[in-house]
Amino acid sequence: MLQKNDTAPNFTLYATPDKEISLADMKGKNVILAFYPADWSPVCSDQMALYNETLKYFEKHDAEIFGISVDSKWCHQAFTESRNLHFNLLADFEPKGAISKAYGAYDEKEGQSKRALFVINKEGVIEWSFVSPNEENPGADGILEALENMNK
Amino acid sequence: MSLHPEVNKKDHIKGDSSANLEIVEFGDFQCGHCGAAHPVVEKIIKQFGNQVTFVFRNFPLSEMHENARGAAKAAEAAAIQGKYWEMHNSIFENQENLQSNDFIAHAEKLGLDIDKFKNDMELTSIAEKIDTDFESGIRSGVNGTPSFFVNGNKFDGDAANLLAVIEGSVA
Chain A
1 MLQKNDTAPN FTLYATPDKE ISLADMKGKN VILAFYPADW SPVCSDQMAL
51 YNETLKYFEK HDAEIFGISV DSKWCHQAFT ESRNLHFNLL ADFEPKGAIS
101 KAYGAYDEKE GQSKRALFVI NKEGVIEWSF VSPNEENPGA DGILEALENM
151 NK
Chain B
1 MSLHPEVNKK DHIKGDSSAN LEIVEFGDFQ CGHCGAAHPV VEKIIKQFGN
51 QVTFVFRNFP LSEMHENARG AAKAAEAAAI QGKYWEMHNS IFENQENLQS
101 NDFIAHAEKL GLDIDKFKND MELTSIAEKI DTDFESGIRS GVNGTPSFFV
151 NGNKFDGDAA NLLAVIEGSV A
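Residue numbers (this note's numbering), protein chains in the order written: chain A, 1 to 152; chain B, 1 to 171.
If a hint is listed, it holds; no wrong ones were tucked in.
Computed cross-link-like contacts, DSSO-like style, restricted to lysine-lysine with a CA-CA straight-line distance of at most 27 Å:
1. 60(A) x 27(A)
2. 10(B) x 60(A)
3. 56(A) x 129(B)
4. 60(A) x 129(B)
5. 10(B) x 56(A)
6. 43(B) x 83(B)
7. 56(A) x 154(B)
8. 114(A) x 154(B)
Think of the hints as simulated: they come from the structure by calculation, not from any bench. None of these values were measured; they are calculated from a predicted model.
Take the sequences, apply the hints, and build the full model.
Laid out in structure tokens, this is it:
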């Protein structure tokens with residue numbers, strides 16, 4: 001898995017059925033990438049639902065978060081609507097898992113992204129990365145700590 | 001993962017505040033798992049009340065649960081009239097009814113000054129208390145609700161696991 005000081009590989013992925021997002025377009029902004037196994041995991045402990053509540057804390061650090069899984073753009077759209085999410089979920093769908101693999105965050109056996117977090121600075125360099133077990137939601141504290149440490 | 005900040009005088013505390021066992025729950029009044037945990041927590045307090053300090057901090061997932069924040073405001077407004085836990089219990093025991101008229105009905109049953117209750121629900125200080133609670137949860141590594149902390153450390157389990165551990169440790 002990519003680590004601190006590695007250059008974050010660029011990507012262009014669908015966020016909605018008619019919108020693509022590139023990491024390169026985010027230069028000048030801090031970026032949080034949250035790779036996760038799949039949409040539709042159990043409700044009250046859902047990682048994306050949690051980040052949906054912590055966006056304002058990320059914004060304080062001029063950081064934008066993207067969720068990434070191998071689910072399709074249509075699946076992401078339904079999940080986003082169902083959970084009232086206010087940030088983009090990216091579809092690492094075709095070729096399947098290519099970006100997850102580039103970040104070293106792909107589980108070959110399960111055929112899905114690992115639960116991995118990356119904080120990328122305004123120059124596109126990884127400042128912090130973390131992987132947690134598939135069934136364990138890592139929360140937001142590690143991300144916030146990484147963002148704070150960057151600005152020191 | 002440990003609790004930040006520690007239990008302090010802004011918290012709602014139930015049980016014996018000098019007890020050896022301190023349990024902090026981060027919860028959401030609209031979360032079904034929190035509703036399910038409620039009677040178990042009540043059982044813990046009832047059985048071990050003299051050995052346990054119980055604290056509840058708000059962790060409303062407002063985007064997913066549209067009435068969670070309103071419910072937290074109602075409980076905090078009742079606290080101003082000294083009836084925090086009574087309102088807390090009324091809300092969890094009637095979790096399918098979380099509209100503002102439901103909170104007012106609870107307040108009437110509890111004998112609160114209704115005008116004051118309604119005004120207090122909109123206080124900035126209450127909004128800030130809920131935000132402070134939420135932020136303390138984020139800082140402490142809360143990743144969903146309910147999350148429990150025992151003596152300042154995140155507890156890896158649900159209310160039933162907690163009851164079992166307490167039964168084991170104080171038996």
